[in-house]
Amino acid sequence: MAVERHTEGGSEPVSGVPRGSRTVVSRGLLTVVAATALLFALSEVVASSSLAHGTLLTMLPFAGALAIAGLGQTLVVMQGGIDLSIAGGLSLYVVIVTKYPAGVNGRLLPAIGIAIAAAVVAGLINGFLVGRMRLNPIVATLGTNALLFGAVLWYSAGIPTTTTARLAKVGSGVWFGIPIPVYIAALTTAVVTVVVKLTPAGRRFEGVGANATSAFTAGVKVRRYAGGAYVWAQLLYCLAAIVHASIVNQPTAYEGNNYLLPSVAAVVLGGTSLLGGRGYLVATAIAALFLSQLDQFVLALGVSYASRSLVEAGALAVGVAIYTIDWRAIVRRAFPRRATTLAPT
Amino acid sequence: MLERRRGAIVVLALACVAVMVTAGASSARTSAKPSWCGPKKITLGLTDGFGGNSWRLVTTASARDEAAKCPSVKSLSYADGQGNTQKAISDIQGMVAKGINALVVFPDAGKAILPALTSSFKAGVVTVPYRVTPGGKAGVNYNVFIDTPFQNAGVAWGKWIKQILPKGGNVLFLSGPQGNSQGLEERVGLHKVLDPTHKYKFIGAQPFEVTNWDPALSQKVLSADIAKYPKIDVIVSDFGPSLVGALGEFKKSGRTIPALATSDGNVLGCYWQQNHAANPTFKLFTVSTQNDHARLAIDWAVALATGGKKPSTTPFPALTFENSVTGKPHPVECKANLPGDIYLSAELPATVQAKLVKK
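Chains D and U supply the protein sequences, listed in that same order. So for the first sequence, our numbering puts the first residue at 1; every next one is plus one. So for the second sequence, our numbering puts the first residue at 346; every next one is plus one.
Relax, there's no trap hidden among the hints.
Here are some of the chain U residues that sit facing chain D, going by a computed Cβ distance under 7 Å:
1) S399
2) S568
3) I571
4) V589
5) E594
6) S598
7) G685
Pairs of lysine-lysine residues, derived as DSSO-like cross-links and limited to a Cα-Cα distance of at most 30 Å, are as follows:
8) K467(U) - K456(U)
9) K169(D) - K680(U)
10) K504(U) - K546(U)
11) K576(U) - K596(U)
12) K419(U) - K386(U)
13) K169(D) - K576(U)
14) K169(D) - K597(U)
15) K596(U) - K169(D)
16) K680(U) - K414(U)
17) K654(U) - K414(U)
18) K573(U) - K169(D)
19) K443(U) - K432(U)
20) K573(U) - K544(U)
21) K378(U) - K414(U)
22) K655(U) - K482(U)
23) K169(D) - K703(U)
24) K673(U) - K544(U)
Computed list of chain D residues with no C-beta within reach of chain U, every gap over 10 Å:
25) S26
26) E44
27) N105
28) G106
29) V182
30) V191
31) L198
32) A218
33) R223
34) R224
35) V311
36) I322
37) I330
38) F335
Source of the hints: derived by calculation from the structure; they are not laboratory data. In this text, a Cβ means the ideal position worked out from N, Cα and C, and glycines have one as well.
Full structure from sequences and hints, please.
Printed below as a string of structure tokens:
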């Protein structure tokens with residue numbers, strides 16, 4: 001069988017895991033750290049107001065929430081999928097944790113419980129459709145997204161509710177000069193990374209994403225892992241939603257829309273291949289910081305709203321281009337002679 | 346859990362209906378028949394382009410409350426376009442097909458709604474669009490358009506700014522989506538009052554800082570401006586409640602909240618009451634968010650359809666509401682025990698609004 005030949009031959013993995021990338025620091029992490037450092041340096045020179053203490057205290061919590069949401073998206077992308085239901089899911093969880101307590105602190109914990117239950121249900125729907133029924137993830141999660149927005153409107157009628165004081169205290173809290181959401185994001189990144197990279201289940205999860213056929217022949221329950229990614233993703237969106245609700249005093253019923261493109265952008269900039277395979281979780285989290293700072297940087301420049309959108313879309317395009325285009329091949333093709341004649345001398 | 350919630354919602358919906366019926370009945374009992382209410386019995390329709398926020402809920406309830414004042418109105422049907430232009434159009438056509446006598450329309454989609462309004466008007470239904478201009482002409486495409494001059498809100502804010510900052514200062518204007526006509530008109534009013542003095546400088550992006558009326562974006566925009574401009578003397582915003590979360594940015598930067606000229610909302614009034622002592626520069630001036638605009642539209646539609654007396658004006662005025670400096674026409678109001686998403690400037694009682702928005 002083709003599968004056996006493939007594994008016996010010991011050929012290189014088909015997608016996602018590039019050869020020789022089993023180093024501790026990935027190319028994605030290096031790139032995104034360098035890009036982030038460059039952006040901060042540029043911010044200091046061109047728009048130093050974007051690095052003012054107050055601005056950082058505003059930007060960092062948003063970056064934290066985006067990092068957590070990005071981790072969820074990374075898990076799905078590692079399985080070769082994509083989760084468009086992040087918009088509806090995150091909106092729903094924001095609405096639940098603000099509307100259910102309706103200002104009463106004592107009802108906050110039950111609200112978080114309900115939001116988690118909703119996240120599990122949403123994740124199971126996606127997981128069932130993509131993992132078991134083998135539907136195209138774009139179509140399946142788009143459908144779930146519509147369902148989730150239906151739930152948002154049913155529950156809230158689109159009306160925003162003010163965040164409870166206890167939750168707002170978490171979002172605006174600062175420990176040792178750093179906002180609490182940053183600690184939450186860092187802890188979440190650490191936990192998810194350890195689980196994926198160091199536990200047997202995590203290794204199997206990554207293996208399924210890299211090559212489902214080999215994983216299947218190795219006896220791994222492929223469907224369970226492929227579908228499970230959506231459940232974990234929704235749980236992470238749920239955490240991101242709680243953090244988001246704690247930062248924004250009166251979140252609207254459509255907050256998730258602000259996370260759709262940036263969450264995918266964070267994954268791509270972090271270097272995780274959209275074809276699935278190895279996930280660069282820390283790089284995703286740093287890419288979230290990059291995107292949030294980019295947002296503040298462009299705001300501080302004072303350019304028009306249209307330019308702001310263009311710069312953000314441009315960052316995504318550059319990110320995709322860095323990882324997916326074979327630049328060396330292009331250079332070789334463009335200057336074939338020079339490359340060969342220069343080599344011996 | 347779902348069952349329990351559903352059960353709770355049914356009970357609350359019944360409670361809302363009960364409250365509204367009693368409110369309607371009591372106002373009908375206590376006040377005499379208004380002059381705009383003629384003798385002819387009619388059925389009335391009300392369509393919204395988008396009904397999904399607290400402002401719309403209160404506005405729709407205000408319209409129902411107004412219609413309930415006139416015993417000649419036998420019934421009022423309501424349809425929500427849910428932000429879908431096609432649905433908004435078919436809602437209007439459906440109402441006409443049902444045989445209603447008068448129709449009040451919030452044409453969110455603007456000119457896209459004009460053909461539906463025209464066919465309704467030509468079918469002999471008294472057609473009254475309000476608030477968003479649908480284009481066309483009164484008497485040709487519809488009976489009458491109940492406008493509101495957003496410019497006047499800008500003028501009112503400008504005059505207040507002149508009073509509290511007679512020596513001039515830096516003005517930061519925040520509005521909704523890029524190019525929204527409300528923000529552009531308000532800006533014209535602001536400039537009309539402030540420019541001749543040559544003392545006020547408009548800072549931030551022009552014509553206004555884009556916030557999409559989204560609290561998260563407002564927060565980011567405001568924090569960027571705070572870092573960029575060491576001196577912001579007054580903030581002008583056409584949706585005060587969405588700004589409440591963002592005002593905390595001043596504290597993060599170790600600055601006090603500046604004066605704020607905006608529109609009213611319970612959450613904002615309460616925020617001012619909690620924070621003005623610690624922020625001496627935080628003066629507040631609000632214009633009404635105009636939930637009662639729908640009432641004037643109902644008055645016109647009912648007057649034309651029932652043969653009542655027409656109201657004296659078509660445009661709904663921009664009414665000033667709170668002024669923390671003079672206390673006139675009202676001091677800053679806060680009902681701390683009620684939800685933040687209600688509008689104390691509306692005629693509809695606060696407790697009735699609270700029942701509407703709080704499930």
